[in-house]
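As they're listed, the protein sequences go chains A and B.
548 is the number that our numbering gives the last residue of the first sequence; the numbers go up by one with no jumps.
798 is the number that our numbering gives the last residue of the second sequence; the numbers go up by one with no jumps.
A few of these clues could be false.
Stated by the list, open to error - Derived pair list, reagent style DSSO-like, types lysine-lysine, alpha-carbon separation capped at 27 angstroms:
#	chain 1	residue 1	chain 2	residue 2
1	B	K570	A	K9
2	B	K570	A	K469
3	B	K615	B	K717
4	A	K469	B	K663
5	B	K580	B	K795
6	A	K370	A	K400
7	B	K661	B	K613
8	B	K613	B	K717
9	B	K795	B	K751
10	A	K9	B	K613
11	B	K795	A	K9
12	A	K266	A	K292
13	A	K544	A	K476
14	A	K447	A	K266
15	A	K469	A	K450
16	B	K613	B	K751
17	B	K661	B	K751
18	A	K450	B	K570
To be verified - Okay, the calculated bits of chain B under chain A, using three or more residues with CB under 8 angstroms as the criterion:
#	region
19	572–578
20	595–605
21	616–622
22	629–637
Rather than coming from a laboratory, the hints here were simulated on the basis of the structure.
The C-beta atom is built at its ideal place from N, Cα and C for all residues, glycine as well.
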Amino acid sequence: MTGKWGVGKLFRRFRRDFSSWSAWTLLLGMIIGIPVFTIAVSLFNGPGQMWGHVTQHLLDDYLINTIFLIIGCSLLTLLFGVSSAWFVSEYDFPGRRHLEWILILPLAIPAYITAYAYKGLFGYLGSIPILSRQAGIPFQGIDLMNLPGLVFVLSLALYPYVYVSTRVAFLRQAGRLKEVSLLMGLKPHQYFFRVALPLARPAIAAGLMLVLMEVLNDYGAAHYYGVNTFTTGIFRSWFSLEDPQTAIYLSAILVTIIFALLWAEKWQRRKKSYSLTAQFSTGNHRIRARGKTKAGIAGIVLIPVLFGFILPLGQLIYWGVITWTRVLDAQFFQMVLHSFGIALISALVTTLAALMLVYMPSWNRLQGIKPFARSATMGYAIPGAIIAIGILIPTLAADKFLIDFMNEYFSINTGLIINGTIAVLVYAYMVRFLTVAYNPVEAASLKIGKHLPESSRLLGSSRPGTLRKIELPLLKTGLVSAVALVFVDVLKELPMTLILKPYQVNTLAVKAYGYASDEMVAEAALPSLCIIVTCAIFIWYLNKLTGT
Amino acid sequence: MNILEVQSLYKSFDAGRTYVLKDIHLSVEEGKIYALIGDSGSGKTTLFRLIAGLEPLDTGTIWIKNKRMSDETRLVPPHERGIGMVFQDLALFPHLTVSRNISFGLADHDDDKVKEMLILIELEGYENRYPHQLSIGQQQRVAIARALVINPEILLLDEPFSNLDETLKQALRGKLLTIANRFDTTMFLITHDVRDALAIAEKGIFLQDGEVIEQGPMDTIFNNPQSGYVRSVKHNLTRSAEHILSKLGG
Numbered sequence: 001m002t003g004k005w006g007v008g009k010l011f012r013r014f015r016r017d018f019s020s021w022s023a024w025t026l027l028l029g030m031i032i033g034i035p036v037f038t039i040a041v042s043l044f045n046g047p048g049q050m051w052g053h054v055t056q057h058l059l060d061d062y063l064i065n066t067i068f069l070i071i072g073c074s075l076l077t078l079l080f081g082v083s084s085a086w087f088v089s090e091y092d093f094p095g096r097r098h099l100e101w102i103l104i105l106p107l108a109i110p111a112y113i114t115a116y117a118y119k120g121l122f123g124y125l126g127s128i129p130i131l132s133r134q135a136g137i138p139f140q141g142i143d144l145m146n147l148p149g150l151v152f153v154l155s156l157a158l159y160p161y162v163y164v165s166t167r168v169a170f171l172r173q174a175g176r177l178k179e180v181s182l183l184m185g186l187k188p189h190q191y192f193f194r195v196a197l198p199l200a201r202p203a204i205a206a207g208l209m210l211v212l213m214e215v216l217n218d219y220g221a222a223h224y225y226g227v228n229t230f231t232t233g234i235f236r237s238w239f240s241l242e243d244p245q246t247a248i249y250l251s252a253i254l255v256t257i258i259f260a261l262l263w264a265e266k267w268q269r270r271k272k273s274y275s276l277t278a279q280f281s282t283g284n285h286r287i288r289a290r291g292k293t294k295a296g297i298a299g300i301v302l303i304p305v306l307f308g309f310i311l312p313l314g315q316l317i318y319w320g321v322i323t324w325t326r327v328l329d330a331q332f333f334q335m336v337l338h339s340f341g342i343a344l345i346s347a348l349v350t351t352l353a354a355l356m357l358v359y360m361p362s363w364n365r366l367q368g369i370k371p372f373a374r375s376a377t378m379g380y381a382i383p384g385a386i387i388a389i390g391i392l393i394p395t396l397a398a399d400k401f402l403i404d405f406m407n408e409y410f411s412i413n414t415g416l417i418i419n420g421t422i423a424v425l426v427y428a429y430m431v432r433f434l435t436v437a438y439n440p441v442e443a444a445s446l447k448i449g450k451h452l453p454e455s456s457r458l459l460g461s462s463r464p465g466t467l468r469k470i471e472l473p474l475l476k477t478g479l480v481s482a483v484a485l486v487f488v489d490v491l492k493e494l495p496m497t498l499i500l501k502p503y504q505v506n507t508l509a510v511k512a513y514g515y516a517s518d519e520m521v522a523e524a525a526l527p528s529l530c531i532i533v534t535c536a537i538f539i540w541y542l543n544k545l546t547g548t
Numbered sequence: 549m550n551i552l553e554v555q556s557l558y559k560s561f562d563a564g565r566t567y568v569l570k571d572i573h574l575s576v577e578e579g580k581i582y583a584l585i586g587d588s589g590s591g592k593t594t595l596f597r598l599i600a601g602l603e604p605l606d607t608g609t610i611w612i613k614n615k616r617m618s619d620e621t622r623l624v625p626p627h628e629r630g631i632g633m634v635f636q637d638l639a640l641f642p643h644l645t646v647s648r649n650i651s652f653g654l655a656d657h658d659d660d661k662v663k664e665m666l667i668l669i670e671l672e673g674y675e676n677r678y679p680h681q682l683s684i685g686q687q688q689r690v691a692i693a694r695a696l697v698i699n700p701e702i703l704l705l706d707e708p709f710s711n712l713d714e715t716l717k718q719a720l721r722g723k724l725l726t727i728a729n730r731f732d733t734t735m736f737l738i739t740h741d742v743r744d745a746l747a748i749a750e751k752g753i754f755l756q757d758g759e760v761i762e763q764g765p766m767d768t769i770f771n772n773p774q775s776g777y778v779r780s781v782k783h784n785l786t787r788s789a790e791h792i793l794s795k796l797g798g
């Protein structure tokens, strides 16, 4: 049926399906894959000198703490995220419309900044114990600088990932299914456990995976609270023990844990990918809460907002007020400009790369190119510290080669040419946040469908011409979302920036971390507030733009 | 003279495990109106996409005006095939006006050409409207004008009658016949409703499970059906006509 396939015919078919776009896609994929490839190849160099020390004294600690973090943060973020999503999508109560998007705002506060604020709130000399004692209540504060404290703080900072995906799932399933359930005599809580929750499970799991990726990526909060995790271990191995191979081995274990989690999520979802057709979406009819129920629901929904946003923000504003004269100077404004500039450049470069990765694979017919392009967006699952190490190793090697070359042939001592440049930092952000930009661009592109570009092609437009004339104008919302999301993520990013930033350049995140590390946590407030206000504005704008 | 030839065409989307089109042979005469008839999933749209060059084929050959357009190792780009296509969802560019949609395929915006097309589709005065400001019937006519403006040798229409009520269907049939006569274009339309095919097409091609089961002049096929599928279609059509006539008579 398919005829005989000689080598010549196979080659001619390859020529038919391979285009310059295939080459560009492969090239871009390979550039993005450098850090992961480097870590994988470096594993073959064997463990480092300190590996024995790490396995004997530290590895158990890393493993147990990380597992505790995974379980603890999962339970707490599910509790905060799912309950608030359920109440705002099913019940009508005073302030619901505002709470719907205010519940997302803790995402504007990086987890390490929430951690700083909580020390200031509940430590023995913290704001709440002092205010309590002044009011005659003998409250000595709570020691949060430990593993359970870290779980609590990370959960407050990260529950919006679960909240957002779950709320969308609840809103989509509302309508006829609920009407049918209620007609069959189910009470609202029975409908929740027997219909709504099982249907929302894939969305809840997807949100939870994002939480866990962030938990495993966290360096600032864990370091500040003195909890040993894999990420703090990677930093310690590289910078304190000066053993890159041990850092690489720890990275490999952490990546294995992450892929096991991703596999588990995929496995639980294998037959549960429900798609609710439009016929079920008859609009949501919320239950009007009355009396005590109304107060109870509003109280439950306010808890994560109060502890995840209002209290830490209040503490930071207080610190900001008492320290601004010491912190605010010309250097501060320069740092703000640096941060915004780097975030903007990174957001634009990453969105451009995402656009290329969405479109170039569909511009050629080479089999396997689409999964290859999709796999290039796996960076978000890999902690920033690992990506940074995966970039440092080849760039340091390239720098060494260049220094030797210039010395030998031109007798010029150039110093580091590649490392410590903004270009390397922007590249690292692109690798890490590509999927953040890819998802909205891909979603917008799928919404356009294939018939519009095909019509354009039939009418004589080239592929780039079609992209320019037809697709780009229609992709506007997706592109703006992508730029805004990456901008926010870059502004908050800490571990990768700490490792890769140019020596003379400071960012808001690094400055806040620096103050907190130097026991000047109150001074960390102003850079933190800058990040929070900017992120909050972007989150509000994105919420308005996309409706989710 | 045949304008389109398809020989031994096979197409699979799962590396040869199942074929959506099997051993297709077609000869399409220039200037005639053809209907491609078959149930949902019979491979009609895929065949259109292969002819338009939007998909590569697995094996076989597609010739247009004696030029080899597609085979196992060759895929001439869609715009070099002299084909105009109207998609089932029309695919009008939502951010462009009617006038810009129509002139999209022209190298330069040509007001006279656009005006000529607007007169043809009876939408003068609508040039500055956007697609969402038009009724479905008007959108359909804009999509046809956009495909025609590049003077295609073959015009492919994917289910042009599917979203229209009976009055609009009749109007569109008349319009398509006018266009076919005026532009001398070979017209190839997909339909799952054999009544539409009988109303407009001179020749028919019946597709079932990815295979051509009958092809030829519509009257010949219906007067002497060779396959069970066409016999059953004819039977259903006759019964439905008899039922309507008896109602009218009653």
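To see whether the hints hold, each was checked on the structure:
About 21 angstroms separates the Cα atoms of K570(B) and K9(A), which keeps this hinted pair within 27 angstroms; it holds. The suggested pairing of K570(B) with K469(A) is violated, with an alpha-carbon distance near 37 angstroms, which exceeds 27 angstroms. Of the pairs offered as hints, the one joining K615(B) and K717(B) is violated, with about 35 angstroms between alpha carbons and a cut-off of 27 angstroms exceeded. A threshold of 27 angstroms between alpha carbons decides the hint, and for K469(A) with K663(B) the separation of about 22 angstroms falls inside it, so the pair holds.
With a CA separation close to 36 angstroms, the supplied pair K580(B) and K795(B) exceeds the 27 angstroms bound. Restraint check for K370(A) and K400(A): the C-alpha separation of about 36 angstroms exceeds 27 angstroms, so the hint is violated. Restraint check for K661(B) and K613(B): the C-alpha separation of about 26 angstroms stays at or below 27 angstroms, so the hint holds. Restraint check: the Cα-Cα separation between K613(B) and K717(B) comes to about 31 angstroms, which exceeds 27 angstroms; the hinted pair is violated.
Our distance criterion of 27 angstroms between C-alpha atoms is broken by K795(B) and K751(B), whose separation comes to about 31 angstroms. In summary, the hint linking K9(A) to K613(B) is supported, as the alpha carbons are separated by about 25 angstroms, within the 27 angstroms threshold. At most 27 angstroms may separate the alpha-carbon atoms for a hinted pair to count; K795(B) and K9(A) exceed this at roughly 62 angstroms. At roughly 41 angstroms between alpha-carbon atoms, K266(A) and K292(A) are farther apart than 27 angstroms, so this suggested pair is violated.
In summary, the hint linking K544(A) to K476(A) is supported, as the alpha carbons are separated by about 15 angstroms, within the 27 angstroms threshold. In summary, the hint linking K447(A) to K266(A) is supported, as the alpha carbons are separated by about 24 angstroms, within the 27 angstroms threshold. A threshold of 27 angstroms between alpha carbons decides the hint, and for K469(A) with K450(A) the separation of about 15 angstroms falls inside it, so the pair holds. Pair hint K613(B) plus K751(B) holds up; C-alpha atoms about 19 angstroms apart against a cutoff of 27 angstroms.
Restraint check for K661(B) and K751(B): the C-alpha separation of about 31 angstroms exceeds 27 angstroms, so the hint is violated. A C-alpha spacing of about 25 angstroms is found between K450(A) and K570(B), which places the hinted pair at or below 27 angstroms, so the restraint holds. Under a criterion of three residues with beta carbons nearer than 8 angstroms to beta carbons of chain A, the stated coverage of the region 572–578 of chain B fails, only 0 such residues being counted. By the rule of at least three residues with a Cβ nearer than 8 angstroms to a Cβ of chain A, the coverage given for the region 595–605 of chain B holds, with 3 such residues.
Look at the region 616–622 of chain B against chain A: 3 of its residues bring a Cβ nearer than 8 angstroms to a Cβ of that chain, three or more, so the hint holds. Closer than 8 angstroms: that is the beta-carbon criterion, and the region 629–637 of chain B has 5 residues meeting it against chain A, so the requirement of 3 holds.
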